[in-house]
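Novice: Let chain Y serve as the given structure and place chain R on it in line with the hints.
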Amino acid sequence: MIVIFAIDALEYNLVEEFNCKNLKQKYYGKTDISEFSQPRTMVLWSSFMTGKNKEDDVLEDGNKEMWNKKWDIKETFFSFFENPVVLDLPGFSYDLGFHGKSRILLKNFFETKNLEKKENLKKEYNKDAFDHHRKIKDKFFKALGEDRDFVLGYFSVADVIGHLNFGNKVIMKMIYIELDEMAEKIKKNKRVKSLIILSDHGMKAIGRFGDHSEYGFWSTNFKDLKTPKITEFYELIRGIKNES
Amino acid sequence: MKVEIDNEIIEKIKERIKDMDEFDSVEGYVDYILKQIVGRLEEENKIKVDKEEYSKEDEKKVKERLKSLGYLD
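If you read the protein sequences in the order shown, they are chains Y and R.
Letter by letter, the first sequence follows residues 1462 to 1705 in my numbering.
Letter by letter, the second sequence follows residues 116 to 188 in my numbering.
Chain Y on its own, in the form it takes in the complex (with noise of 0.2 Å):
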């Protein structure tokens, strides 16, 4: 089973700074995703699935509709699997409800005065965010448990919550560990063979907010992949499927 955990917004110098070695696993660095004009999550996860820069099509109905964009699963690498799951990823099983409900509590949180009404609004925030973290989990561990040849899980846990958050340590630390011990949980598994960690991007501080950086966070368990691009993941995993 080829297996890849996908996070969004995974710091690298977080997962250095909290020395999360199952996050780093054998060989792990930083993408190059230089490429686009900003790093933007359903245009990089796009870009990653589909094996080509995606920016402009992601782009062509504007930055408000882009989050229901909807690959086919023919312009995928997912394609060369025989029965794969991908869960929660955008651009292909994105679920809009959630993420979308998580986008309008961001946008009354900005556009608030009122501090203690701010302050409700980011615990609900949070709390919608570990919900769904949870949720998906449930949902990836399951799928690890049967009987396939692909599984994709995608986390946003640590971009929803770094936002809002990324100044507070003790809560990002504790994301960091929680998605370490899923790391821990998934090499366990005997039926997991290769194991691809990978996000799309990284975070950096504005103040106690969160910010998207110029490069994403990759690891595997077969193979030092120097600084790849984001588009390279296609070929690499049609070569481990075909190996297998």
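Rather than coming from a laboratory, the hints here were simulated on the basis of the structure.
Ideal placement from N, C-alpha and C gives every residue a C-beta, glycine not left out.
Possibly wrong hints are sitting among the right ones.
To be verified - Restraint ranges, calculated between C-beta atoms of paired labels, are given here:
{"#": "1", "chain 1": "R", "residue 1": "K133", "chain 2": "Y", "residue 2": "T1573", "range": "43 to 51 Å"}
{"#": "2", "chain 1": "R", "residue 1": "D146", "chain 2": "Y", "residue 2": "G1523", "range": "46 to 54 Å"}
{"#": "3", "chain 1": "R", "residue 1": "K129", "chain 2": "Y", "residue 2": "E1645", "range": "16 to 24 Å"}
{"#": "4", "chain 1": "Y", "residue 1": "D1599", "chain 2": "R", "residue 2": "L149", "range": "16 to 24 Å"}
{"#": "5", "chain 1": "Y", "residue 1": "F1541", "chain 2": "R", "residue 2": "D136", "range": "21 to 29 Å"}
{"#": "6", "chain 1": "R", "residue 1": "E137", "chain 2": "Y", "residue 2": "Q1499", "range": "36 to 44 Å"}
{"#": "7", "chain 1": "Y", "residue 1": "G1523", "chain 2": "R", "residue 2": "K133", "range": "30 to 38 Å"}
{"#": "8", "chain 1": "Y", "residue 1": "N1544", "chain 2": "R", "residue 2": "K133", "range": "28 to 36 Å"}
Specialist: Just chain R now, kept in the frame of chain Y:
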């Protein structure tokens, strides 16, 4: 440091983890649960401490950035 746990609780934990791949001992399970609880308590406490620590300037910057990334209209 050693912590004494009631035998009845230990038996319940053993029963709970017997079919779980990720825990091979009662100690491992207890350690996991305590980390979760302490993490949440720290988070709740930190949120109280952090209240009003957002600067208006940072907020303006990040708001603009989130707009350009497609998170806000």
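Novice: Could you work out which earlier hints the structure fails to respect and list their numbers in ascending sequence?
Specialist: Number 7 - this is the single hint that the structure violates.
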